[in-house]
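With the hints as constraints, model all of the structure from the sequences given.
Just so you know, the protein sequences line up as chains A and B, in that order. Its first residue numbered 1, the first sequence is counted upward by one per residue in this note's numbering. Its first residue numbered 1, the second sequence is counted upward by one per residue in this note's numbering.
Don't read these hints as lab results, they were simulated from the structure. Some hints could be false.
To be verified - Coverage of chain A stretches by chain B, computed from C-beta distances (three or more under 8 angstroms per stretch; other residues unrestricted):
id: 1; segment: 30 to 42
id: 2; segment: 87 to 97
id: 3; segment: 104 to 118
id: 4; segment: 143 to 153
id: 5; segment: 165 to 178
id: 6; segment: 185 to 193
id: 7; segment: 202 to 211
Quick reminder that beta carbons are idealized off the backbone N, C-alpha and C, glycines included.
Below, each chain spelled out in residue letters.
Number of protein chains: 2
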Amino acid sequence: MKKPFFSTKSPSEVFELFPHFPLVDKEKIPLEEAKGRVLAEDITANENLPGFERATMDGYALKAEDTFGASEASPIWLNIIGEVKMGKVTDLVVKRGEAVKIATGAMLPQGANAVIMVEYTHMVDENTIEVFKPLAPLENVIRADEDFAKGELVLSSGHRLRPQDIGVLAALGKAHVQVFKQPSVAIISTGDEIIPITEKPQPGQVRDVNSYTLYALVREGGGIPWLMGIVKDDLNDLKKVCKYALDKSDVVLISGGSSIGMRDFTLEVINSFPESQILFHGVAISPGKPTILAKIGKKAVWGLPGQVTSAIIVFWVFIKKFIQWIGGEREAHLKTFNTMHARMRVNVPSVQGREDYLRVKLVEENGQLWAEPIWGKSGLINTLVKANGLVKIDLNTEGLDKEEIVEVILI
Amino acid sequence: MKKPFFSTKSPSEVFELFPHFPLVDKEKIPLEEAKGRVLAEDITANENLPGFERATMDGYALKAEDTFGASEASPIWLNIIGEVKMGKVTDLVVKRGEAVKIATGAMLPQGANAVIMVEYTHMVDENTIEVFKPLAPLENVIRADEDFAKGELVLSSGHRLRPQDIGVLAALGKAHVQVFKQPSVAIISTGDEIIPITEKPQPGQVRDVNSYTLYALVREGGGIPWLMGIVKDDLNDLKKVCKYALDKSDVVLISGGSSIGMRDFTLEVINSFPESQILFHGVAISPGKPTILAKIGKKAVWGLPGQVTSAIIVFWVFIKKFIQWIGGEREAHLKTFNTMHARMRVNVPSVQGREDYLRVKLVEENGQLWAEPIWGKSGLINTLVKANGLVKIDLNTEGLDKEEIVEVILI
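Rendered as structure tokens:
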């Protein structure tokens, strides 16, 4: 057995370890399946968008020069020579003194360089309009390359695709798109006290809360979860299941049995693999201190606290970002957490030298949002069920003051 | 043809119309599929959780009374009578002067009422420990009903399930859970200028951006999208497709062809159905004014602007919430938008009497987040691709001031 490298890390040191792990592979998928997936190619406009000059208003296409000086008092008259059909190129050519009827989205006829809104015109007879308002060239017109110009970078590799991004890919005719695969994440629950959720617990036993919670968390994080089931406190069983999980997935989560023996097993199992390295054992956050990250070959094994609340918070703070990182995402910093601002309802002391994650309930009173702490032991899940927010108390802070404005991570 | 009821609504009046529509049906699904779904039953604890007294620390179970007065200077001695096996009930009974070895999560033996952490003990010999610290009864113990008590309401119908909720359902042995079905949403794209995304547009034609964008948006909103394809400017075709969509789905979205004729068609098609009612035509937001909501039988038909940026904003502001509403969700108010605070980079004027949705890019500079407007016509999609936020300018505001702190909706 190799000598393990033990050390407790600060949260920022944990993030610095992510680049030790390779990204997942790429795959090509149909555009309609691509929302929420991470782009694995740069997208450059292969043509101008929209590709032709379009009207942005219903009205008349004309030469802007004809309208210079037009006003309510001295309207100018134009001869209507026809109408543009939607989706078609017209043969009509607009000359001085002429106009062509046009609808929003239609292609400008040759010779026209602006569109006057119907509201600023008056029908004199079937073939003649009055125009009350001067137009600048290109007014109410989208230029042929105004949305995207040919050759322009539209979206970069590493970007998680939003609905509007799907829209621009559709506009460019990308019916298939190259994305990163979703990281596959094996979930192992350990402990002699853990039983399947379909069974009735005897005194001393609890149902397998962690597997199902982690399954949901992995999906939330953009990974594909894979339940490996419950492993009792047996070193060889854990080795076997862990080897199988490593072969078949990108990340392995071992949610620690709470027994003392079990915790040693996790370390022993990790060390039993060739090319294994424990990157840290212990991180300065609360709850969640007894977290482990190991590298076995190119794969990551996370050892999670058995206490469900601790496991969830470790997942949100580190593992979700880890899955996004190896899943190719490169803009995670901004949108990782959804936050709101609120005022603390009470004073909350904290220990310096670790990040505390306080569970809170957001309550609105006369338009003011208050954060009320939900107290409870980290072995209880009710604190997180009753909470709808987390407040991070920084490493170097002594706590939070009553009425202080804090950033609340929505959960 | 019935006389249509036309009127422009304010955004808040639009939300008041939602209860005119029935909720979707319910279904029972496996727990692992339930994340993000809306609960359609109240969940009451059918047993105490965890169901037995558990240690929250590694150490020794004992009678707290034995430790009263203990200190570093005058430790008390206890006789170790054995160890609790994880997941098992022990036969051991703790009497005065005795202690039992216990690990986090294990069941307290009879007679014990507290757990001393290993750190506050010292091994005297194999069967004896010194305890340095007094304990209160129940210290380092989770009571049998401390997580949830039998009969307690755990989660309410109408709640969208988060990972921690999945956890508590697992703890209660709910392997299946009753949820609302995901609303099915048919998407119809109309207009003579629209072509399938796999085709090469001729001048005057554009690819079907709206169908794909709406498909992604419906998924983001928790609905099941269904692409009905492109309908050319033909009244009978649109009637046929709309009837089919109404028969098979809960909501129909008609993304307006931009031609004048097409817009009339949408209203005419709606009015051609028996039991149809136009609830509004026009809403005081920008972009997005020419939005339609109609009720046909019990189903909703939304007419969306053809301009893609307008359609996306109308979706986020109204239709996403509508899908969540008929999908049974009842806590949508708080988490509907994910927001951050930033300072405006420039002054932005606005028209009173309508809600303006300004596209912005969030830029961080020395720890300060700035919102920079992304200007552009609503027929362009690049504004929303380059933006990562929206700033709402209220109905009664004249605009935003430079350096003003604004709430930015993350997109």
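Quiz item: Which numbered hints turn out to be false for this structure?
Solution: Violated hints: none; all satisfied.
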